Amino acid sequence: MKNTIKVERAIKNITQADLADLIGVSRQTINTIESNKYVPSTVLALKISRVFGKPVNDIFELDSDD
Amino acid sequence: MKSKFLFPSSFRPVGILLAIPGFILGYLSVYRQYAIKALEFKIYYKELFQDTAQENVQNFTDELALSLVIVGLSFIAFSRLKREDELTARLRLDALYWGMLMNYIIYFVAYAGCWLALKSGITNYDPFWGLGNIDLLIYNTFTPLLIFIFRFQYLISYKKETYLMPKLHYMPYYPFRLIGKWVSIICIGLILLRHLEVKFIETADQWIFYFVFLIPAGLLVWAYSKNADEDELIIQFRLESMQLAVYVNYGLLLVANLIIFGPSFYTVLDYCFISPLLFFVLRFSYVCNKNYWQVRRDVKGGLLS
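Quick mapping for you: the protein sequence lines, in order, are chains A and B. Residue numbering for the first sequence follows the working numbering, beginning at 10 and increasing consecutively. Residue numbering for the second sequence follows the working numbering, beginning at 129 and increasing consecutively.
Calculated from the structure, these hints are not laboratory results. Among the clues, some could well be false.
Mimicking DSSO-like on lysine-lysine, the simulated pairs with C-alpha atoms at most 30 Å apart in a straight line are [to be verified]: (1) A/LYS21 x B/LYS210; (2) A/LYS46 x B/LYS354; (3) A/LYS56 x B/LYS295; (4) B/LYS295 x A/LYS15; (5) B/LYS288 x A/LYS11; (6) B/LYS309 x B/LYS132; (7) A/LYS46 x B/LYS288; (8) B/LYS287 x A/LYS11; (9) A/LYS11 x B/LYS132; (10) A/LYS15 x A/LYS56; (11) B/LYS132 x B/LYS288.
Because the structure is a prediction, the values reported are computed rather than measured.
All chains, full assembly: derive it from the sequences and hints.
What follows is the structure, encoded as structure tokens:
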């Protein structure tokens with residue numbers, strides 16, 4: 010699964026640590042998700058999408074090998 | 129995935145304070161024959177070479193050491209991180225699953241080494257259960273926790289900015305699940321028959337010890353092979369079951385440590401070598417099958433009827 014969290018963060022001008030604090034996870038967790046190594050749960054994906062005010066589909070996208 | 133069944137994060141330093149004196153006391157008690165006089169009690173049980181149970185003096189120094197080590201390591205292993213989230217929970221369970229496998233592999237190699245040494249006459253230690261090499265069985269009471277703690281710390285703190293996410297590998301369903309399942313069931317059945325003192329089995333005592341050795345191997349293959357329908361949910365059942373199995377195993381070991389003495393405790397140590405895997409396959413099979421029947425009932429109730 011691919012995601013555009015890094016881009017969205019840049020638009021909103023917040024750091025990984027800020028995003029982590031907003032949704033109650035660790036900074037390393039945000040980093041691991043951004044680098045596509047970890048697929049977050051639906052709950053976490055919805056929390057991320059709420060922070061950026063966009064639907065989940067705009068932030069997360071299925072990869073060709075999913 | 130939410131973190132389930134964890135202690136508060138303040139338990140971690142407490143765990144370190146319990147485990148270190150526990151290890152020191154354990155070393156002194158096992159290798160230096162050190163005993164605290166105040167922990168000596170008269171207890172009614174059957175000692176080695178005694179025909180019936182009678183009043184014996186039992187010193188609780190080694191029991192105290194083992195309890196301190198197990199409680200301490202469990203606190204370190206299963207207390208929350210300062211920022212606990214679904215990924216750390218997942219990493220914890222992955223590390224536990226990996227650690228359990230590594231623990232068994234290390235012991236298989238150690239036992240094989242002992243066996244070869246015995247065969248080539250270097251030592252007269254018999255590596256099979258209840259017949260010596262008690263050191264390995266004693267270490268096995270705490271090494272799964274120790275390996276897990278180091279693995280988990282490595283995964284979360286190897287890199288400062290991110291976590292390591294190694295993939296867990298399982299053996300394919302066919303033929304490993306079938307082999308693992310039937311080898312364990314047949315071997316456990318044979319051992320149970322031997323305990324019930326069935327005549328036919330008694331005559332086969334010589335090779336029954338090889339079957340004892342096959343149980344953990346069979347259970348290990350069972351636990352580390354895929355289900356026919358392996359998916360995200362099954363993986364979650366798998367990881368949770370391993371955590372529960374470790375809890376149940378150490379809970380029972382703590383109780384056994386305090387109520388079973390003398391040579392009977394060596395039998396407990398024997399069982400301790402297979403019990404985490406046994407609890408795991410029982411719990412895992414139970415939740416998977418419960419889920420299977422639930423789905424079938426729902427489909428029937430919702431669509432077919």
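Hint check, failures only
Those not satisfied: there are none.
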